[in-house]
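S.K.: Sequence:
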Amino acid sequence: MGHRHVNVSEKKQNWVNDFAKPGEYVSYYLQTSFFGRETYIGKQNKPEPDLFQVKKICHELRVELRSHGNDITSNGTTIEQLNEIERYVVKSIAEMEERKMLYDIGIETEKEQSDIINSTHKKATYQLKEGIVALSKGNCIVNIDFKKGFFSNVSGIFTIIPEICKMNTLQSFYKFDSSFSQNLPKVKLELEFKPANLSDKPDYPTFIAIEPTLVIIDIQSEKHLPVVFDDFFLLHNKKEIVSYFSKFLVYLSKVIKLSKQGIPVPTPLIKTLDSVTHFVYQEIPISGLFRKQNVNLSWEYNRSFKSFRSTVKIPLEFDIKNITKHKITLLPGFQNCLFARLHKLELNITTKTGKGGVTFLPIHVV
Numbered sequence: 001m002g003h004r005h006v007n008v009s010e011k012k013q014n015w016v017n018d019f020a021k022p023g024e025y026v027s028y029y030l031q032t033s034f035f036g037r038e039t040y041i042g043k044q045n046k047p048e049p050d051l052f053q054v055k056k057i058c059h060e061l062r063v064e065l066r067s068h069g070n071d072i073t074s075n076g077t078t079i080e081q082l083n084e085i086e087r088y089v090v091k092s093i094a095e096m097e098e099r100k101m102l103y104d105i106g107i108e109t110e111k112e113q114s115d116i117i118n119s120t121h122k123k124a125t126y127q128l129k130e131g132i133v134a135l136s137k138g139n140c141i142v143n144i145d146f147k148k149g150f151f152s153n154v155s156g157i158f159t160i161i162p163e164i165c166k167m168n169t170l171q172s173f174y175k176f177d178s179s180f181s182q183n184l185p186k187v188k189l190e191l192e193f194k195p196a197n198l199s200d201k202p203d204y205p206t207f208i209a210i211e212p213t214l215v216i217i218d219i220q221s222e223k224h225l226p227v228v229f230d231d232f233f234l235l236h237n238k239k240e241i242v243s244y245f246s247k248f249l250v251y252l253s254k255v256i257k258l259s260k261q262g263i264p265v266p267t268p269l270i271k272t273l274d275s276v277t278h279f280v281y282q283e284i285p286i287s288g289l290f291r292k293q294n295v296n297l298s299w300e301y302n303r304s305f306k307s308f309r310s311t312v313k314i315p316l317e318f319d320i321k322n323i324t325k326h327k328i329t330l331l332p333g334f335q336n337c338l339f340a341r342l343h344k345l346e347l348n349i350t351t352k353t354g355k356g357g358v359t360f361l362p363i364h365v366v
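Here our numbering is used: position 130 in the sequence shown is 130, and no number is missing along the way.
Treat the hints with care, as some may be off.
[As the list claims (entries may be wrong)] Below, simulated DSS-like cross-link-like pairs (lysine-lysine); rule was C-alpha separation at most 27 Å, straight line:
1) 321 with 292
2) 254 with 91
3) 254 with 100
4) 292 with 186
5) 344 with 327
6) 260 with 223
7) 223 with 201
8) 344 with 238
Hints were generated in silico from the structure; no laboratory data involved. On a predicted model such as this, the values are computed, not experimentally measured, just so you know.
Between the sequences and the hints, there should be enough to build the whole structure, so can you do that?
M.R.: Structure representation (structure tokens):
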């Protein structure tokens, strides 16, 4: 950061500064060329041939500085970007279907079709029937319903709200060094217990166990990934994400069918569908990286909310013995045009009675 480089992504070369304010991106364009020479076997005194280009590769890279601000890129959140892409695809297919209808009634030239389509659409808006819905931090909340029984007098709703500061990062490592444990990120848990009955002196949960697991998220495509992935995207579960991207396969089949009927396919549309239909999402849990934490709870009664409240801070302590035994390597997260590696933290929370819940938080490995 702070150095100067030549921007060769356009026709002309110009010097630009590698600088971004916190929360913004610096983009890089990397171009690599491979050259070779022909070899003449059995021929002497042959002049050395000229170099010829074997392969040319281009990559777009992106570097981000994070701040306490909201996790929104200049192009909007990941969900907003994906919904905008789907809206474009739906609109383009609708136009192709209209061209097919015009062709069937004898209007065959593309110009005539475009004139009719542009006059009838009048900048029509296309609403998504089942666009992916953005999640908030509220989806991380765990609610545990206690009912009085033989082995426990606890009765009420136990609410756990996890939180981690975006500036708290996890240090990557190849060969683990115990010095990493000196500055560990902490997970903050806001706890609330609302007793079912306040007339008697209520019992409340006195103990929780937290088992953290790091989940590696690999996102890739054979084509250019069209979006930037943010923290809120990680709050969606794997099934929901995979199901959403599978919809684009249906859109692609419609485009192929119309193409076979002689309807021209816009180049941006086929490139977009190529990208999102080759989308691969994988989650890899790394168990045994962190130590399990047992916490005894102390409560304060809040008269305004008629509930008991408590705050707990849990350091993410490495399980050094397990890491050394299994030789675990932790790689940093990054994003480029074909691949993204992200991380989230799974918190398995249980109480003394065995009841509990699972929640997730995004975390950054550097």
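S.K.: Against each hint, give a clear statement of whether it holds in the structure.
M.R.: Structure-based check of all given hints:
no. : hint         : verdict
1   : 321 with 292 : holds (13 Å)
2   : 254 with 91  : holds (13 Å)
3   : 254 with 100 : holds (12 Å)
4   : 292 with 186 : holds (13 Å)
5   : 344 with 327 : holds (21 Å)
6   : 260 with 223 : holds (23 Å)
7   : 223 with 201 : violated (63 Å)
8   : 344 with 238 : holds (12 Å)
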